[in-house]
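**Student:** Spelled out from the first residue to the last, the chains are:
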Amino acid sequence: MEIPENVKKRLSIPAEEHFYSGHTACQGCGAALGLRYVLKAYGRKTIFTIPACCSTIIAGPWPYTALDANLFHTAFETTGAVLGGIEAALKARGIKVKGEDGVMVVGWAGDGGTADIGLQALSGFLERGHDAVYIMYDNEAYMNTGIQRSSSTPYGAWTTNTPGGKKHFLEKRQKKKVIDIVIAHNPPYAATASVAYPEDFIRKLKKAQKIPGPSFIQLFAPCPTGWRAPTDKSIELARLAVQTAYFPLFEYENGKYKINMPNPKKEPKPIEEFLKLQGRFKYMTREDIEILQSWVLREWEKLKKLAEVFG
Amino acid sequence: MAEYKPIRKVVSGNYAAAYAVKHARVQVVAAYPITPQTSIIEKVAEFIANGEVENLQYVPVESEHSAMAACIGASAAGARAFTATSAQGLALMHEMLHWASGARLPIVMVDVNRAMAPPWSVWDDQTDSLAQRDTGWMQFYAENNQEVYDGVLMAFKIAETVNLPAMIVESAFILSHTYDVVEMIPQELVDEFLPPRKPLYDLADFSRPFSVGALGTPADYYEFRYKIAKAMEDAKKVIKDVGKEFGERFGRDYSDMIEKGYVDDADFVFMGMGSLMGTVKEAVELLRKEGYKVGYAKVRWFRPFPKEELREIAESVKGIAVLDRNFSFGQEGILFNEAKGALYNTSARPIMKNYIVGLGGRDFTVPDVKKVAENMKAIIEKGELDVEVDWYHLKR
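As they're listed, the protein sequences go chains U and Y. The opening residue of the first sequence carries number 0 in numbering that gives the first Met the number 0; numbering runs sequentially from there. The opening residue of the second sequence carries number 0 in numbering that gives the first Met the number 0; numbering runs sequentially from there.
Treat the hints as calculated values from the structure; they're not laboratory data. Some hints here could point you the wrong way.
[As the list claims (entries may be wrong)] Derived lysine-lysine pairs resembling DSSO-like cross-links, with alpha carbons at most 30 Å apart:
| # | chain 1 | residue 1 | chain 2 | residue 2 |
| --- | --- | --- | --- | --- |
| 1 | Y | Lys197 | U | Lys44 |
| 2 | Y | Lys42 | Y | Lys4 |
| 3 | U | Lys90 | Y | Lys4 |
| 4 | Y | Lys4 | U | Lys95 |
Bound conformation, chain U alone (with noise of 0.2 Å):
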């Protein structure tokens, strides 16, 4: 589609579409979103890995496909391990990789692929230094097998198979902080971002492409679906995740710790107006949504204190 120069200088995010309509995501997804804005920011010169994930049936069944650039489904676990193939091959041939003019090489895979079942790989690919970019989308459980529960998956949220019944429900761990056994690896770019700010998101991604060796992304990506929501609440979801510091906006670049939250001086605003939108959260007690918001606030306290110390 033209884009009339006179639009496309308003807009700070890219106006081309590379990600097709007739993909087969629910309402309100936050990953066919998030797939999007990855599009509108590498283009089409993309090679695409997803592994079994919702977007593996959002990208379309063969023979179609709604990515405008070239994809290569893959097993569950195996996504770091296929970037690291995909780049080696391109640098064995001769073709450039990353930066402006470079191929993208790009694992895109939810949070079960990543912070489960290809955990392994993922720290393969952070420690041998992969020019590849690894974007998770985190929609806090395995949503497309029909919502049971990730480790990404929060204290207190029903799942399929950590239900809430009469007395009790199952998922009493705190939600698995990838983000931070990324960074242990000490890679050169790392960073979380939300669909509801796409702009801090595609600037994040635009700056994963300039910097050599392998970035990590962690996209905050509602399912209304799988969290029980209506299907025009997820921006705001999204939204209310960082400003309740529940997921908080930063980045890690070269050692260095930087928030990028929205109104940075604002306090966090309780966790109860993240949770009530939601009927994945609906068992929870008053006590539960304590024990939710103490660790939240402890999580946010060291994240300021990382950026304070190593900012």
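For chain U, the structure is supplied; the task is to place chain Y on it using the hints.
**Tutor:** Frame of chain U; chain Y shown alone:
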């Protein structure tokens, strides 16, 4: 064409594999160390460190599963890719072996046959590779170090023609760590035999966006499987043609998927795969001198299975002694099972007996072959089997 003057080197089976990787101008090697495969990858890494190879990317991955996944990524992005493994490592790769064949990627791998644990064993046994028989990989069993070298070079050519991956299988220690003379081919002649890869699809081609491996609905999945079945069937002719070409260029002919010796006038033949058959060939020479009318049938390619060639052999002999250095629990030796199945719909039904030998690296020697010959001779004279499956070495 330049004249072929072989370069003779004394190398282990593993080094023979590494030299073949170098001569094949492999572009990506992704691998994880496992005994007894490790020295293949160490040698390849040494080639890189010494600047003896150009444009070879080495990816030292964190597991065999990732080794295969990285080769898959590399092959899908147009590179000639190689890995090597053994036993537990191959078992860990299993899922991705299906992915390689399903995505039609001509990856070549050397599997150093090693027994599966427990109990721990690092010695020879074919069960690891034969357990991968339904993954859509071609499988070549090397008898000696020369066949490891030749096998890798031929495998790339065959795999890249039919767009299926191929596994070259060699014995743990018996070949992997045993030194022997290998005739290597000068680089320019390898280049003539094996030109650069022309991929079926190329992830680095952005002229028209495409995806590989997307959801195949019941309306389409079936045809994808058929195409692999067809490619595997078509591979038989390609294997023979490439084997013949190899023979014409370099003097070692591989046009038969089953290497035969003394079959025409034999009462019975020994059938088996891999290094075991070197011992058998030696024994057959001696047995012939002693008046035994015996021959051998060495199955080089287990996948695709050379059904037609086996049927021809079965026409002319009274018996087949199948030597299996492997076992499928609840049934019998795997080659025996396959061979019997291949002969069911024919009029030729020689007596077939299964000898389970050499599991976990136990020696199987020339005198052992003679004992099998005596037993087989008695069975044929009597016209009936004593037992169908004989655990030959069992401490009774």
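**Student:** Are any of the numbered hints broken by this structure? If so, which, sorted upward?
**Tutor:** Those not satisfied are hints 3 and 4.
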